[in-house]
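Colleague: Here the protein sequences come in this chain order: A and B.
Every letter in the first sequence is one number past the one before it in the working numbering, and letter 45, counting from 1, is 45.
If you want the working numbering, it's the 1-based position in the second sequence plus 1000.
A few of these clues could be false.
Taking beta-carbon pairs under 10 Å as the criterion, some of the chain B residues facing chain A (in silico) [said to hold, decoys possible]:
(1) Lys1002
(2) Pro1346
(3) Phe1595
(4) Gln1598
Distance windows between CB atoms, simulated [what the hints assert, rightly or not]:
(5) A:Pro135 to B:Pro1479: 28 to 34 Å
(6) B:Met1310 to A:Arg60: 45 to 51 Å
(7) B:Glu1478 to A:Gly144: 47 to 53 Å
Please keep in mind that the hints were generated in silico from the structure rather than gathered at the bench.
For every residue, glycine included, the Cβ atom is placed at its ideal position computed from N, Cα and C.
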Amino acid sequence: MGKSYDFILAGVGGQGTILASNVLSEVALAAGFDVKKSEVHGMAQRGGSVNTHVRWNSERVYSPLIGLGEADMLMVFEEAEALRYAEFLKPGGAVVVNQHTIKPITVTSGGARYPTEADLQAVFAKLTDRLYLVPGTAIARDLGNARAANVVLLGAVSTFLDVPAETWLEVIETRVPPKYVEVNRQAFMRGRQATGR
Amino acid sequence: MKQLLSGNEAIARGAWEAGVAVASAYPGTPSTEILENFGRYPNVYAEWAPNEKVAVDVAVGAAYAGRRALAAMKHVGVNVAADSVFYASMTGTEAGLVIVTADDPAMHSSQNEQDNRQYAKFARIPCVEPSDSQEAKDLVGVALDISEQFDTPVFLRLTTRICHSSTPVELGEQHPVAARRDEFPRDPTKYVMVPANARNRHPVIEERIRQLSRFAESFAFNRVEWGDMDSEAGRLGIVTCGVAYQYAREIFPGASILRLGMTYPLPPDLVREFAAGVDRLIVIEELDPFLEEAIKLMGIECEGKSIFPMVGEFDPRVVRESAIEAGLLPESSRVPVVKLDKPEIPPRPPVLCPGCPHRAMFHLLNKRKVAVAGDIGCYTLGLVPPLSSIHSCGCMGAGIGVAHGATQAGIGERMVAVIGDSTFFHTGMPALANVAYNQSDVITIILDNRTTGMTGHQGNPGTGRTLQMQQVPPLELEPLVRALGIERVKTVPAFDVKALDETLKEFLNAEGPAVLIAREECALLPSARKRWQPLEVLSEKCNGCTMCFRIGCPAILKSDELDEKTQRPKALIDQRQCTGCEVCAQVCPRKAILFRDQVAVETRG
């Protein structure tokens, strides 16, 4: 059995979940891993729940999907989405969550309740003591582009993986338009400090 | 250097490398990106056809003309194209012809999960199936070679998990293939399927399948991976194909596996030899027991659907749990799932986007409580509360015919059919011709958002833009509808609530067929985005009457502020989401929502 990392990424349509999973997969390839990435498209073009599976293995990845209870890490861009996919996490796995809420229409004009950060803490406490709440959107906004929150989270996640920061930055640079390279570079570096590791 | 490609990107690359000259498709999840990507390669012709049947005919024509060709579609698209698939099987082709079918186990974006391997057997054409993107790319060229060697169309079957998973692919060079002929073939005995010729062709295609079955015995993509025969694990034999191979390999690392890259026809000797080498034979395949039944017909004992589900998509967990239940794996291999005491998580149901031009029409249909036969597209979401105004939806183009049938059956209420512009061009036109010809009282509403929305803004005959970005004369709906025989036709701006309502009322009060074209660009088109301008609520005028909540717009929020009298939350407009379509402003009875020009004045003031 080779070295392996199985990631579940989740967010709301428009948050850059797909871009983050593309970067995560390209980094694996650049670092010499076999990799598979699987996108679970919802039907909605905007505002739907978006979810991708990314698997790294130093030898070979077979299944493109990760089963419940089998993910080493959840990387989530929105708080309620972290709860939605919680069952995928292996006990003791790491959870990196962007401190950001996007209330769905079922809450904003219907009767549904949006979970609190305390709910998040309580649910994951049963699974792991490695829950990291990262103010990704706030950091990105501070840097002048709230859309870079996904790259802040990539920075945070990178601290759990044995791949040099330069490899990540090289991949990010190929994935964003030239005028956004600098803000994304800063977003990534700020993310690396955010988990306190 | 390897590149990560999705299955769809890999098919496009493979088609280009293998010298495909012509490709045609109608967009449909999960197949859409195949043609979008193929069309970007140099020196190829790629097009959106109005429907899948036309796409297959176009590819057949190109292949008859001696050029390698490909048609791509989602699984249910093959239902539309089936007539053409069957004659193409009978005639064979001059140059290679591949028909890509992208099946959708779990119905991520479809009305059923039919298993299109059945079509291969039904039409007597070979079917090849990749297990990852590298094989997807390679199999395009292989399928074209088979097509030319055996004079047959070839099915290339994908599933959503193959289409939408990215895996590393070694890229190759383009191998331009010379056209095989300069003239259209003049061989009526082969290409004119009148009964006398067809009777001669039928034995030919039966013999072709027998030959393909022999070819499959040594086909490189049919592969045996023997386990350690001294171990119990190695004496378990698994027959599998497609993405199910990946789950089989992961869950049974020590097993012996026969991976079939060609799932029709099967190689009987290879299967027999494999079965004889193992103690217990199981079949791991998604959806139908297609391989299982074929193997049983060979007189070989095997188990498949008695262990693994017939319904839905597999993943490692499904395969593992099923195997534990059947005693193939020990209880100790179970991966426990911690039972979490989660609060209720608010769902994010797919809804019509803020600024969607379909919203006002559904609001009115709901208000008037009319019976609506719907169709396939974004606008099927008119079904979702609070709009709740679609009462049937079966397949592309079905709505108009259903509305006509219910009307002619003599039900006591007026039927409305709702269909999008692209779906109307796809299969709505003959149904509307029928309404005009047989003069039923059906009111057809064409929601013309100037694009194919659901699949991500592909062109169609009405957009005036082709897949390869050529500007062409757009097909105009109103003259088209009149030419089909409908005399009562009106085009109304889709954000104009009053005009829509008056037209609907006029049509409901008049007898005979009528067509209302509700026209406005999809709010997500780049040209529409330029016009986005969020509206605002004058909170002192709002009394929380909830009228604006009833149009189901994600940009209208309940504010924390309650109206003093009614104690109901006032409305608030999310500035990040609102596009300024003004439908809410028109339905607000207290004029509490500012129109675009009023917002502008307020801001200046």
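Colleague: Work down the list of hints and note, for each, if the structure agrees.
Modeller: Taking the hints in turn, this is what the structure says about them:
no., hint, verdict
1, Lys1002, "7 Å, holds"
2, Pro1346, "4 Å, holds"
3, Phe1595, "21 Å, violated"
4, Gln1598, "23 Å, violated"
5, A:Pro135 to B:Pro1479: 28 to 34 Å, "57 Å, violated"
6, B:Met1310 to A:Arg60: 45 to 51 Å, "29 Å, violated"
7, B:Glu1478 to A:Gly144: 47 to 53 Å, "48 Å, holds"
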